[in-house]
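The primary structure of each chain is shown beneath.
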Amino acid sequence: MVLVSGFLFIDISIRKRALVGALLVLLVLASLGAPGAVRAQEYVELTPELDARAADLYAGIMCPICNGQTISQSHAAISETMRQMVRERLVAGDTDQQIYDFMTEAFGRDILASPPKSGIGLAVWFVPPVALLLGAFAVTLFVRRLRSADGLVRQGSGTGPGDLADTHGGTGDGLEPYLQLVDEEMPDIEERP
Amino acid sequence: MADLGTSAMLIALALAVYSGVTSLVGVRTRNSAMVSSSMRANYLTAFALGIAVLALVLAFLRNDFALRYVAEHSNLAMPRIYTWVAFYAGNEGSLLYVAFALAGMAALAMYLVPRRMGSQRPYANLVLMLILSFFIAVNLFMASPFATLPVTPIDGVGINPLLTHPGMFIHPPLIMVGLIAIAVPFALGIGGLLSGRIDDEWVDAGRTWGLVAWVLLAIGLLLGAWWAYTILGWGGYWAWDPVENAAFMPWLALTAFIHSIMVQKRRGMFRLWNIALINISFILGAFGIFINRGGPVPSVHSFGASTLGWVFLLFLGVVAFASFGVFFYRFALLRSTGSLESALSRESAFLVNNLLFLGVAFVTLWGVVFPIISELVLGETITVGQPFYNSVNGPIFLALIFLMAIGPVLPWRHATWASVRHAILIPGIITLFITAAVVIIEVRNVAAIAGIAVSTLVAVQIAQEMIRGTLARHRATKSPYPLAFLQLVGSNRPRYGGYLVHLAVVMLAFGIVGSSFYSLERDVILSKGESADVGAYTVEFTDTTTTTFTDRTERTATMRVMKNGSFVGTVEAWHGVYPSFNMLSTRAGIRSTPVEDLYVIYSELQPDGKTAAFRLLLNPMVWWMWLAGPFVILGTVVALWPARQRAVAVVTSPSREGALPSGGAL
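Going down the list, the sequences are from chains L and P.
If you're matching positions, the first sequence starts at 1 in my numbering and goes up one per residue.
If you're matching positions, the second sequence starts at 1 in my numbering and goes up one per residue.
Don't read these hints as lab results, they were simulated from the structure.
Note that the structure is predicted; figures quoted are calculated from it, not measured.
One or more hints might be untrue.
Listed next, the stretches of chain P that the computed footprint assigns to chain L, with coverage defined by at least 3 CB atoms under 8 angstroms from CB atoms of chain L [said to hold, decoys possible]:
#1 236 to 245
#2 364 to 377
#3 384 to 390
#4 515 to 522
We put the beta carbon where it would ideally sit given N, CA and C, even for glycine.
Build out the structure end to end from the sequences listed, making use of the hints.
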C-alpha cells in the first residue's frame, strides 16, 4: 500500500501532468523577469495583518508541480516564488479576489485549492448540502415508519420472552414508569453503551 | 530463500482455497468434520504466510540480492533495524504484509468466535478465505516479493533515505492492518446473512472486530498527523490529501457502525442498517486500497507507477456488487424486532450520528472523486482541496460534537425533555460563561467560537456524568472516591470507554480550532544574531551547522527563544537536502506547551552562509491533539474489556432463547 511508500514526504519530482505546469511556470517567470528563488534583499516583508491574510491566501493556492500540496506547505522553489508574488500583490494593495485572479491568470485555474463557485465548480459545492438534506429526509421517514410499525410488531410476534420488553407499545398500557425503572436499573446488570 | 518463500505462499494459497471450499461444502452438507477441517486449514494459512514473511525477512538480513525486491529496497550499508521498513517499502512486500495480517486476524477471529454461532461461522470463514485468496494470488502471480533477478547484483539500490524515519515504523503498518481488518466484521455480517440465520449472534463479535479495525485506523491516522506536523514542516497535520481521505472514509463509516451496532445489541433494531454500514465500511476500505494502488489522483503520498490499479478496481467492484447482492438477496430476513417509541431517544440519536458520519464520508468521497469525473467527462481539471473540505465538513463535525453532549445521556426507547434538561443544564450554563469569556478576550471567527462552545459543553457534560456517577457509587457502597470512580467505569465499560474516546475527540477539536483559527505565521529572512517576533515570542537565529554526507547535506539552525522578553530556551530546526532524490526534508524545531507550540522551519540557507530563510509559526492548543491518542487507545481498551462472567450469563440466555422463536414467527 502506498501509505507505505511515501507518506509525508515532500515530493518535488516532476510528473507528466505537472510537466505542463512547470513549463508554463517557467514561461511566466521568464516574462516577469523573476529569479528562481527569492533572495534576501528582495524578500517582501509584511505587516502582521498582511501576514495573516497571506497565510490564508497561501492555503488557497496549490503548488503547480507538487502533487496535492498548497504553496503554504510546499518547499519547492516555485512555491517560494509564488508566495513572493502573493506578498508583492498584498503590499500593492490588491484584494484577495484580485490576487486569486492574478495567480490563476498566470498559472491556470487548477491552482485554486477549492473550485470556484461558478460553472462546473458550482456542482462541487451544491451536491453535499443536497445529499445531506436528502439523508435527513430519509432518516425522518425511517423514524416515522419505525414508530408506526410499533403496533404491527406487537400483534405479529409477541411470543418470545425476549420480545416482551420490546413490544409493550409506547402509549397507554401503563407500563411506562416500570420500564423507566428497568432502564435505570439496567446498567448494573447489563452492559450499556 | 526465493524457493522457500514462493512455496510457502503457494501452500498458503492452496490452504486458503481449501478452507473456503470445505467451509461451504461442509456447511451445506451439514458435515461438521469438514467444517472443523476448514478451520484448521484457516489456521495453517496464517502459519504458511508466516513462513513466507520469515523468508523475506531472512533474505533482507542476509542481503540476498538475487531477489529483485531485496535488491531494490536495501543495500549493504542499510542498518538492520530498517529491514522492518524495507519489508513494506514496495508493492510486493506490502501485499505480503497485508495478506499475513489478514490471515492472522482471520485465524484469531474464527478461533474466538463462539461455537454457538453455528453455521454463521463457516460462512464467515468462506468470505474471509475468498478475500485472503485474492490477496495471496495477486501477490504471488502479479507482484511477488520472491521474484529473482537474472544476475545477482553486488549491492542493492538501497532504501529510500526518507523512509528511514522512526515514524515509518508504526504509521503505515497500522493503516494497512486497519484497512484490511474491516474484512473481519464484514465477513461476520455477510457470513451471518449467507447462512440465512437472522438472529443477532454476529453482533458481539462484529462489534469487537469493528472496534479493533476502528482503533487501528484511528491511531494510524493520528500518528500520520503527528508525523506530518513534526516532519513535513508546514505546521499542518491534515491536508485532505486523497490518500489520507482514502484511510479516513472507512474510519468514518466504521465510527457510524460501532455506534449503530449498539442499538442492535441492546434493542434488536437496525439489523438491515448495520449490515449496510459494515458493507459500506469495507467497500470504502477497498476503495482506499484502490486509491493507493491505482493512484488516479495526484497526492502528496508519492507512489511509483503501479500496474496493479485495475486489479484493485476490479476487487472494489466485486466487493461492492457481491456485498449488496447478498444484502438484497436476504433483504426480507432483516426485519427489525424492536420498534421506535419516541423520536427523542437514544436510538434516534444514533440515527442522527450515522447520518452525520456518513455525511462527512460522502462529502470526502465526493471531493476525491469529482476531479476524476471532471477530467474524464468534461476534460476540465479542477482541484478540490482543503478550503472545500474545511467549509463543508467543518459544520457537520460541529453538529457531531454537539450531538456528543446530548446523545449519550438520552435513555433508550423514550426520553423526555426533562431528562435532557437535567443532563445539560449545568454544563450549558458553564459553557455560556466560558464562551462569553472567550468572546471578550479574543473574537476572530464565528466558527471558532461555535467550535469552542460545543467542545466545552461536551467536556463539562462528561465531567458531570462522571462526578454524579462517582458520588452515587460512593453513597451506595461507601467506597472511597477513587475506588468508587473505578467501580463506576467497571460497571458499564462500553459506556465509559466511549466517554474516554469522546474526551479525546474534544481534545482534537480544541487543537483543530486553535491551530486553524488562531495560528500565526511569518516568513522571515534572518542573518546570524538577528531576531524576529511572532506573537509574544522573539526568536533569535544564533548559529547554523552544516554536515555533508554522501547522499545528503544536513543543516541545523539553533534559535534562542524569548517570551515577553525573557529567555525560555532554545530550539533546533533541521533540514536535509537529498540531491539524488531531488527532495528537501525538514524537521521543525518545536517548543510545545499545552497553550501553544512555537514552531520554526528552516527552509533555506543563503549562499553567503550567514543568512537563512525561516518560517515561524505559533500554533495554539496543538499539544492536546497528541494527548488524544492515548485516550483513544485507553477508551477502546475499556470498551472492549470483556464483561464479568456473571453479566454475560444474565444477558445472553434470555435474549437468545427469546430471539429464536420470535425470529421464526416473523
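Against the structure, the hints:
Chain L is given as covering the segment 236 to 245 of chain P, and this holds because 5 residues of the stretch bring a CB closer than 8 angstroms to a CB of that chain, at least three being needed. With 4 residues having a beta carbon nearer than 8 angstroms to a beta carbon of chain L, the segment 364 to 377 of chain P meets the requirement of three or more and the stated coverage holds. Note: the segment 384 to 390 of chain P has 5 residues with beta-carbon separation from chain L under 8 angstroms; the three-residue rule is met and the coverage holds. For the segment 515 to 522 of chain P, the proposed coverage by chain L is satisfied: 4 residues have a C-beta within less than 8 angstroms of a C-beta in that chain, meeting the threshold of three.
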